[in-house]
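Chemist: Let the sequences and hints guide you as you build the complete structure.
Under the numbering used here, the residue at position 110 of the sequence shown is numbered 102, and the numbers go up by one with no gaps.
Don't read these hints as lab results, they were simulated from the structure. Incorrect hints may appear among the rest.
Claimed, not checked - Listed next, with one range per pair, are the computed distances between beta-carbon atoms:
1) Pro101 to Val80: 15 to 25 Å
2) Leu108 to Gly84: 16 to 26 Å
3) Gln100 to Val80: 32 to 42 Å
4) Val80 to Glu7: 15 to 25 Å
5) Gly103 to Gly81: 33 to 43 Å
6) Val87 to Glu7: 18 to 28 Å
7) Asp83 to Gly103: 20 to 30 Å
8) Arg92 to Arg34: 12 to 22 Å
9) Asp116 to Ala50: 21 to 31 Å
10) Phe79 to Pro101: 35 to 45 Å
11) Glu(-3) to Gly84: 37 to 47 Å
As the list claims (entries may be wrong) - Listed next, the in silico SDA-like pairs over lysine to any residue satisfying Cα-Cα at most 25 Å (straight line):
12) Lys85 to Glu7
13) Lys(-4) to Arg106
14) Lys(-4) to Ser11
15) Lys85 to Leu70
16) Lys(-4) to Met18
17) Lys85 to Ala38
18) Lys(-4) to Asp13
19) Lys(-4) to Lys85
20) Lys(-4) to Ile63
21) Lys85 to Pro23
22) Lys(-4) to Gly103
23) Lys85 to Met18
24) Lys85 to Trp75
Beta carbons: idealized from backbone N, C-alpha and C, even for Gly.
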Amino acid sequence: MDVKEPQQMNARFAEALNSGDIDRVMALYEPGAVLAPAPGQRAAGAPAIREAIGALLALRGRMASRNNYCIQAGGIALLQGEWSLSFVGPDGKEVTETARSAEVVREQPDGTWRYLIDHPAGDDTPR
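Modeler: Now the structure itself:
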């Protein structure tokens, strides 16, 4: 799943997550990227990101995401997305989480874009 324009990242992430294919999600990240899987937490590098994404996929949820803005400077872009993730919680009740994300993406030599920094919660305030 190639991302040709940085503002496509949020929608492509939701599509990849909804596919349930961890490799499809991981293809959106640079090898040295950093993911903030929860406020105050960091997963740096592909193995740590894979572990965090695996936990997210284990929820078997359904995500919707859209880009709110894209500020581009050459081959770097700052994005803000708005997303929701619905899944069945441990108590059997449906849970829907929402947030505004903050991401930095970088253009690759082949013209595609990948995450350099991905902060789904958009801030580090504990919930």
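Chemist: Each hint should be assessed against the structure and marked as holding or not.
Modeler: A quick look at each hint next to the structure:
1. Range check, Pro101 to Val80: Cβ separation about 41 Å, and the 15 to 25 Å hint is violated.
2. The hinted window of 16 to 26 Å between Leu108 and Gly84 is violated, with their beta carbons roughly 38 Å apart.
3. Checking the proposed 32 to 42 Å range against Gln100 and Val80 shows it holds: the Cβ atoms sit about 36 Å from each other.
4. In this structure the hint that Val80 and Glu7 lie 15 to 25 Å apart at CB holds, the actual value being about 21 Å.
5. Hint check: Gly103 to Gly81, Cβ distance near 41 Å, so the stated range 33 to 43 Å holds.
6. Taking 18 to 28 Å as the suggested C-beta distance range, the pair Val87 and Glu7 conforms, at roughly 21 Å.
7. Taking 20 to 30 Å as the suggested C-beta distance range, the pair Asp83 and Gly103 does not conform, at roughly 46 Å.
8. In this structure the supplied range 12 to 22 Å holds for Arg92 paired with Arg34, their Cβ-Cβ distance being about 19 Å.
9. At roughly 24 Å, the beta-carbon separation of Asp116 and Ala50 lies within the given 21 to 31 Å, and the hint holds.
10. Separated by about 36 Å at the C-beta atoms, Phe79 and Pro101 satisfy the suggested range of 35 to 45 Å.
11. Taking the beta carbon of each, Glu(-3) and Gly84 are about 40 Å apart, inside 37 to 47 Å as hinted.
12. Restraint check: the Cα-Cα separation between Lys85 and Glu7 comes to about 24 Å, which is no more than 25 Å; the hinted pair holds.
13. For the suggested pair Lys(-4) and Arg106, the alpha carbons sit about 10 Å apart, so the restraint of at most 25 Å is met.
14. A hinted pair counts as satisfied when its Cα atoms are at most 25 Å apart, and Lys(-4) with Ser11 qualifies at roughly 20 Å.
15. Distance hint between Lys85 and Leu70 is unfulfilled; the C-alpha atoms sit about 35 Å from each other, more than 25 Å.
16. Between Lys(-4) and Met18, the direct Cα distance comes to roughly 16 Å. Compliance with the 25 Å bound is thereby established for this hinted pair.
17. Annotation: proposed proximity of Lys85 to Ala38 is violated, straight-line Cα distance about 32 Å (limit 25 Å).
18. Proposed proximity of Lys(-4) and Asp13 is supported: the alpha carbons are some 20 Å apart, at most 25 Å.
19. With a CA separation close to 38 Å, the supplied pair Lys(-4) and Lys85 exceeds the 25 Å bound.
20. Distance check on the hinted pair: Lys(-4) and Ile63 sit about 15 Å apart at the alpha-carbon level, within 25 Å; holds.
21. Under the criterion of a C-alpha separation no larger than 25 Å, the hint pairing Lys85 with Pro23 is inconsistent with the structure, at around 36 Å.
22. This hinted pair checks out: Lys(-4) and Gly103 have alpha carbons roughly 7 Å apart, not beyond 25 Å.
23. Between Lys85 and Met18 the alpha-carbon distance is near 29 Å, which puts this suggested pair outside the 25 Å criterion.
24. Our distance criterion of 25 Å between C-alpha atoms is met by Lys85 and Trp75, whose separation comes to about 20 Å.
Hint compliance for this structure: hints 1, 2, 7, 15, 17, 19, 21, 23 are not met, and every other hint is.
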